[in-house]
Amino acid sequence: MSETSIELAAATKPGDIVDAHVHLFSVAIFEEFIASNPEAAERFQKAARDKKFGRRNESLPDLAPAEMAAWYVERLRDAGLAKALVVSVLPDSQYMRDVVAAAGGHVAALCNVDPRDPGAPALLEREMAAGFKGVKLLASNRCYKLSDPACRPFLEKAAELGAHMIIHYGVTVDPTGDLRYADPIDLSPVARDFPELTFVVAHFGAGWLDSVLRLAYQCKNVCVDSSGTNNWMDYYAPKMTLADVFERCLTAMGPERILFGTDSGTTAPYRKWIKYQQIRTLEELGLSDRDRDLICRGNAVRIFGLDG
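Residues in the sequence shown are numbered consecutively from 201, following our numbering.
Worth flagging that the hints you see were computed from the coordinates, not collected in a lab.
Heads up, some of the hints might be wrong.
No farther apart than 27 Å at their CA atoms in a straight line, the calculated lysine-lysine pairs in the DSSO-like style are these [stated by the list, open to error]:
#, residue 1, residue 2
1, K345, K420
2, K439, K252
3, K357, K420
4, K345, K213
5, K252, K213
6, K213, K439
7, K475, K252
8, K213, K475
9, K345, K357
10, K439, K475
11, K251, K472
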């Protein structure tokens, strides 16, 4: 696919599928991050040095931003997706800004910030102005509580800008993660105090589903996404199936508060099997076309403004 063949994305329509949780890694992203953070974690330095990343040490794409955008759009088309939302895990990336600009609305992105950083409000404002659709936060990975008063200026700026967010709580493959920061219950006073913001808890809470459901009862601006293998179920008691997880969330939140995602990266093929598994599960649960469309498209488009 040539760099110049990306047409502007049309508005989605019922029946389209939007993946609301994907990743984009490349050689250039890691090189850019290391250049700005020379004392970054060794695994990031190794990724930039070896041009490989992930648990399986897979090769990173080595593409310029426009080439990456074209490659990613073709990848989405092949997977039968209308659009995708990249959740950034590295902050302040000009490469990611350039990819989003080149992708013509087919690929949107959430920026990444450390909400404790005094510079977070200003960075968030720059990122939203550059076209990012919200924020991805990594509480378990970066070891912070969003209820920390240090995060308050960031949250106030997010409310001002309408920067809704996806937050990773629960278990993580990140070797630096800390489960003391994994419980989404910490979000309770934040969601209470910022009702104008929507907080999407990734991966059904990644092992903290019970906390997510209690939180969703108390705070109507809390949602979940379904992204990933959801192998946290292997370590969850009582035993649950993916259908059970969807059913619990549908009962507690309704279809308006669940977003479809696969957690696909760019060092391996798109996870078509997860897409198939989740959509088939929703069909087997007997959801109406309307409710399936909310989960697989409408909620992500509404919350993150993906059609505008």
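Right, here's what the structure says about each hint:
For the given pair, K345 sits about 20 Å from K420 by alpha-carbon distance, which is consistent with the 27 Å threshold. For a cut-off of 27 Å, the pair hint linking K439 to K252 is broken: about 35 Å separates their Cα positions. With a CA separation close to 21 Å, the supplied pair K357 and K420 stays within the 27 Å bound. Of the pairs offered as hints, the one joining K345 and K213 is violated, with about 37 Å between alpha carbons and a cut-off of 27 Å exceeded.
Distance hint between K252 and K213 is unfulfilled; the C-alpha atoms sit about 37 Å from each other, more than 27 Å. Distance check on the hinted pair: K213 and K439 sit about 36 Å apart at the alpha-carbon level, beyond 27 Å; violated. A C-alpha spacing of about 25 Å is found between K475 and K252, which places the hinted pair at or below 27 Å, so the restraint holds. Among the hinted pairs, K213 with K475 is consistent with the structure: their alpha-carbon atoms are about 18 Å apart, no more than 27 Å.
Between K345 and K357 the alpha-carbon distance is near 17 Å, which keeps this suggested pair within the 27 Å criterion. With a CA separation close to 22 Å, the supplied pair K439 and K475 stays within the 27 Å bound. Under the criterion of a C-alpha separation no larger than 27 Å, the hint pairing K251 with K472 is consistent with the structure, at around 25 Å.
Violated hints, listed in ascending order, are 2, 4, 5, 6; each of the other numbered hints is respected by the structure.
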